[in-house]
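Novice: Sequence:
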Amino acid sequence: MNTCTQSPTLLSRTGDWMRRNGALIRGIQWIVVAVYALLILVPVFMPLPDETAHLWSNLTLIAQFAFWGIWWPFVLVSMVLMGRVWCGVLCPEGALTEFASKYGRGRAIPKWMRWGGWPFVAFALTTVYGQMVSVYQYPKAVLLVLGGSTVGAIIVGYLYGRDKRVWCKYLCPVNGVFGLLAKLAPMHYKVDEEAWRASYHPEHKIIPINCAPLVPLRNMKGASDCHMCGRCAGHRDAIALTFRAPTVEVVTFGKTNNNLWESALVLYGLLGIAIGAFHWSASPWFVTIKQEIAGWLIERDIMWPFGTQAPWWLLTNYPQQSDVFTWLDGAMVVGYISVTALVLGTGVTLMFALGARLLGAKWDWSRFNHLVQTLIPLAGCGVFVGLSATTISLLRAEHWPVDWANDVRAALLSVMTLWSLLLAWKVIGRYATSWPHRLLALVPVLAGLALINYSWLLMFWLW
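Position 409 (the sequence shown) corresponds to 411 in our numbering; numbering is contiguous.
Hint data in this document are derived by calculation from the structure and do not stem from the laboratory. It is possible that some hints are incorrect.
Computed cross-link-like contacts, DSBU-like style, restricted to lysine-lysine with a CA-CA straight-line distance of at most 30 Å [to be verified]:
{"no.": "1", "residue 1": "Lys192", "residue 2": "Lys428"}
{"no.": "2", "residue 1": "Lys192", "residue 2": "Lys104"}
{"no.": "3", "residue 1": "Lys257", "residue 2": "Lys192"}
{"no.": "4", "residue 1": "Lys257", "residue 2": "Lys364"}
Make a model of the complete structure from these sequences and hints.
Specialist: Given below as structure tokens:
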């Protein structure tokens with residue numbers, strides 16, 4: 003029996019409603035575009051907030067809290083709860099790039115753009131550059147980073163594809179992160195391939211679906227690439243929005259649907275570069291190393307690294323706020339993030355590589371990549387709790403009680419660690435030949451999870 007001829011559920015009816023009300027969804031997208039433009043453009047022309055400014059009365063602080071205190075943290079949460087609904091229904095860049103593509107040049111997607119490493123590279127460069135220009139604090143930096151990404155989305159949309167989201171598919175800096183988190187979502191558009199084949203009749207014309215993010219609908223297995231826009235709901239009586247176990251995409255599909263670039267994004271992106279970006283401003287190690295290097299330079303009369311002539315778009319430079327990066331500061335930020343990524347990412351990689359090796363007589367990259375996917379819950383949670391530092395700082399500045407923050411962080415990290423552990427146990431079970439074998443392979447996985455949690459213990463409890 004095909005998927006869509008069964009008794010419809012509330013969820014499947016929701017998908018059908020989204021298909022029928024596509025115009026309303028597009029209208030919502032343009033409202034979000036307008037709000038997005040307001041938040042990134044208007045604060046640039048306003049004076050920076052002083053010590054008398056408040057979150058409820060200053061648009062710059064409102065925009066800062068909206069982007070980094072609410073918007074981005076809870077977009078990540080939405081990926082885990084509902085899949086990529088944000089991408090298909092609300093994302094301003096998605097709406098703009100698809101609109102530009104509709105009226106653009108319609109060129110074929112070049113081979114260089116299809117390179118699988120772009121999600122990792124774009125995330126890494128955007129994260130590091132954002133720290134250099136203090137994107138969490140200053141409107142001009144927000145305009146440069148987020149606005150620059152939006153301009154890139156419009157240009158790519160204008161040049162390539164027709165009514166497509168080529169930018170979202172290949173170059174969006176957070177596409178890879180969103181795709182990873184959506185693997186955990188308890189809902190997805192399920193494709194019944196048998197019903198798809200049965201729906202084919204030569205005398206019946208079937209209207210094709212414009213899948214903007216370029217997902218091959220007939221072979222779609224998970225939620226990683228789907229933007230959950232609802233356009234394909236009910237297509238060929240074979241596609242319906244349904245519930246699923248939140249472990250199925252990692253445990254079942256992850257055995258074949260994996261690649262080394264995704265693993266790199268988890269290990270060296272979310273668990274390396276992102277943690278380094280959150281760590282450096284709270285780290286006493288950063289201060290100690292910087293003082294040692296500064297002393298060494300002064301002893302040798304090497305003074306140019308202390309220069310503050312770098313423009314704001316290269317290094318943070320706001321003298322009126324007493325916030326200016328020297329060349330040494332910039333080098334230290336990049337160096338600290340890079341070393342953190344290398345040490346932490348490699349440490350976890352070695353632990354999971356050992357776990358994967360214990361599961362087979364020969365090394366298998368696919369098995370390693372499959373096991374690494376079990377880190378997604380904890381890795382995604384880490385980015386959320388890291389961004390929460392900005393949320394809590396803004397609330398604390400308004401004298402809101404935030405004593406609960408560390409308890410919530412501890413609870414979240416504990417639950418997500420257990421989720422990752424459950425996924426690892428299930429994945430290992432697909433390769434292990436016995437219970438002792440399964441338990442043995444789990445030991446290095448536990449060590450890797452402990453190392454990740456120790457990095458957050460340092461930031462929120464020990465430093």
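Novice: Now look at each hint and say whether the structure bears it out.
Specialist: Hint-by-hint comparison with the structure:
Taking the CA atoms of Lys192 and Lys428, the gap is near 22 Å; set against the 30 Å cutoff, the hint holds. A hinted pair counts as satisfied when its Cα atoms are at most 30 Å apart, and Lys192 with Lys104 qualifies at roughly 28 Å. Taken as a hint, the Lys257 and Lys192 pair is honoured in the structure, with Cα atoms around 19 Å apart against an allowance of 30 Å. Straight-line distance between C-alpha atoms of Lys257 and Lys364 comes to about 16 Å, which keeps the hinted pair within the 30 Å bound.
The structure meets every hint from the earlier list without exception.
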